[in-house]
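Sequences listed follow chains L and V, in order. If you use our numbering, the first sequence corresponds to residues 1 to 177, in order. If you use our numbering, the second sequence corresponds to residues 1 to 554, in order.
Heads up, some of the hints might be wrong.
Claimed, not checked - Label pairs and their computed distance ranges (CB to CB):
| id | chain 1 | residue 1 | chain 2 | residue 2 | range |
| --- | --- | --- | --- | --- | --- |
| 1 | V | Asp272 | L | Glu26 | 44 to 54 Å |
| 2 | L | Pro24 | V | His13 | 37 to 47 Å |
| 3 | L | Asp64 | V | His534 | 37 to 47 Å |
| 4 | L | Arg118 | V | Lys525 | 46 to 56 Å |
| 5 | V | Met544 | L | Glu122 | 19 to 29 Å |
| 6 | L | Gly158 | V | Gly193 | 37 to 47 Å |
| 7 | L | Asp27 | V | Trp345 | 29 to 39 Å |
As the list claims (entries may be wrong) - Which chain L residues stay away from chain V? Per the calculated CB distances, all over 10 Å, these:
| id | residue |
| --- | --- |
| 8 | Arg29 |
| 9 | His52 |
| 10 | Leu117 |
Rather than coming from a laboratory, the hints here were simulated on the basis of the structure. Here a beta-carbon is modelled for each residue, glycine too, at the ideal position from N, C-alpha and C.
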Amino acid sequence: MTSATADAVGARGTPGVPAGPAHPSEDRRWRQVDVRIRRLGARPDGLIEVLHTLQQLFGYLDDDALAYVSEALGVPPSQVMGVATFYSFFVLKPQGAHTCVVCTGTACYLNGAKAILRALREALGVEVGGTTADASLSLLGARCLGACSQAPAVVLDGEVHGKVLAEEITALVASHA
Amino acid sequence: MPEPDDAPARARHHEPVLPEGPVRATANVCHAAGCLSLGSDLVFDRLCERVEASGTDDVGVRRVGCLGLCAQGPLVKVPEHDRLYAKVPAEPDELDQLVEQFRSGTGGLVVSEDPFFARQVKVVLRHCGSVDPEEVEDYVAKGGYAALRRAVTEMTPEEVVAEVTESGLRGRGGAGYPTGLKWATVAKSGEGGHKYVVCNADEGDPGAFMDRSVLESCPQQVLEGMAIAAYAVGANEGYVYVRAEYPLTVRRLNSAIRQAERAGLLGTAIADTSFSFHLEVRIGAGAFVCGEETALLASIEGRRGTPRPRPPYPAAAGLFGEPTLINNVETFASISAIIERGGRWYAAIGANKSRGTKVFALAGAVERTGLIEVPMGLSLRQIVFEIGGGVPGGHRCKAVQTGGPSGGCIPEELLDMPVDYESLVSAGSIMGSGGMIVMDETTCMVDVARYFMDFCREESCSRCVPCRAGTVQMHRLLDRICSGLATRADLERLERLAAMVQRASLCGLGQGAPSTVFSTLRYFKDEYLAHIDHRTCPAGVCEMAPFEMAGSGR
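Please work from the sequences and hints to get the whole structure.
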């Protein structure tokens, strides 16, 4: 953001609050994004935090979102894109309604994570990092979820399933896809 | 991806049962990640209901952090009778019987007599499994924040640094740099200016869950350690950098900070003195390299997490260019005990140049996986066989992997060596942050080397060529060996490349990437040769590529 806009009076309400850039759409979730940006002082170092907020609210980061953050925090678009693509947690395309994360940490790997991934890839017809054609489910791999004592572990919609067997988990996941 | 915030879910849960009068038994229900994944929240709710329905007023039910024996969750501990109940079911009828056992002190296992617990010495984990991780009052009632109060009201910053130096504590993130020395350096730099204290909770090593367990079990203990550090080095601001993969940790940390601020234990005018310390949580975004300190600082500044050459070290020029103290979760969690009981007391534990205790996440082919804390100097064999109960399924222990992707595999015949920084390095591994994976004979060591190289290849930040290109080439060579397509010349190439990447890489990720190759070649070269010369995988893990492809070079 330029210093001129930073000093301006908030266009959408409270005097004294710096005006953010225009929202990409009428969607009310942008107001929540603004709240987060304001709380972080609208400084460049808040970039990763704001990207987290955006992904949490919209599910993924699209071009509009990245452009908005760039302007609101005064970070060049190239740098925003650089950060969004550097960190594997950020996704730039829509995800499925359900997510299935297969842990591939050491304990899980030694306990059969490879077989689980293979079974899921075959059953769902998607690669790791992909989403089913009907956008019902995304299949993801994770480096380690810290659930090593329950290896192999699979997280379906945020719920950890420990000591899973390939056939069992495939059937369960397929019922969500 | 893990859900970002499930705070409302808490509202659905039962309130703890805390009778006002004397109790005969308190059921401490584990609410750390392992037991939660096995349904301990449901056990807790049902247990509360059954106790209330029975009309008794002498049994309490509360939530606690990690009870350690993760393999056998959900766990319930009854401290009044020193008993631990494993695999607790959520069936109401069975719970009614269990409540009777809690009250009479029967059933379960006796904690102080069980080898899993008897061998352990708890400093970092001393409050794990006894305090409610979401209630600061509970931590304070157990003596929490007494060390911080003492430090800021009775000690000078120099005295605090001296106490930590005397303890002999070394960085528990893995490198083992003397903590007291680091604190003294930061205290001396940038006299009077702005400084930061940063907690590295970016626990990226696969197979490690110590930091997660500590933060989810007793977040206040880490915050207290950070505040003491801030007082000692003259900082008033700090950050906890935690992985996005740990949503529960993030939630408990945020809540712990808010509660401590309300209680006057963090924030402005701590313990009614002029000392203030403001803390914020920063969430990582899935980059292993951010565990490296300069990359971590770049990430807190909102940038790509790529490391930079040192010096200058963060102690001189760190976050936003200011002097910064960075320590790992476990290091900070050790501080309050050192201030309470003195550096000399802490230094009396341990062996050789490694003082105190170390927390390990014991996993893999071992009967009793879980979270343990042992005095430095205990042998690997004692850890695997006495504490861990040995290898299940009649299998033989083949190796123990420590130190994650930068560590190595220690063969069975060396298990009698003591666990300390120097011994592990001389055996070709490192202490690392505390992941300890037991491997049996069904594990192929070449496949393990390939697995860790795949990890390093994917996680390389691409800033320096030796790491970016070297890990890709080493992975390709390892893949050819595993597929039975390699020649002995490939093996030589691998060794040369590994030596180069180790020497020439910019940061610990690249420098450590070849270490699993080195240690497996040192102890398990016969397995490499079996793949190359005989196209067989002795462990029966690797699938050989079709024979006609052999010799084609790919």
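Against the structure, the hints come out as follows:
Evaluation of the 44 to 54 Å hint for aspartate 272 of chain V and glutamate 26 of chain L yields a pass: the beta carbon distance comes to about 50 Å. A C-beta distance of roughly 38 Å is found between proline 24 of chain L and histidine 13 of chain V, which places it inside the suggested range of 37 to 47 Å. Separated by about 58 Å at the C-beta atoms, aspartate 64 of chain L and histidine 534 of chain V break the suggested range of 37 to 47 Å. The supplied range of 46 to 56 Å is broken by arginine 118 of chain L and lysine 525 of chain V, whose beta-carbon atoms lie about 30 Å from each other.
With their beta carbons about 22 Å apart, methionine 544 of chain V and glutamate 122 of chain L fall inside the hinted range of 19 to 29 Å. A beta carbon spacing of about 43 Å between glycine 158 of chain L and glycine 193 of chain V agrees with the range 37 to 47 Å that was offered as a hint. Separation of aspartate 27 of chain L from tryptophan 345 of chain V is about 58 Å and departs from the stated range, judged on CB atoms against 29 to 39 Å. Every CB of chain V lies more than 10 Å from the CB of arginine 29 of chain L, the least distance being 14 Å, so the non-interface label holds.
Listed as a non-interface residue, histidine 52 of chain L fails to keep its Cβ farther than 10 Å from every Cβ of chain V; the least gap is roughly 6 Å. Every Cβ of chain V is farther than 10 Å from the Cβ of leucine 117 of chain L; the closest lies at roughly 13 Å, confirming the non-interface assignment.
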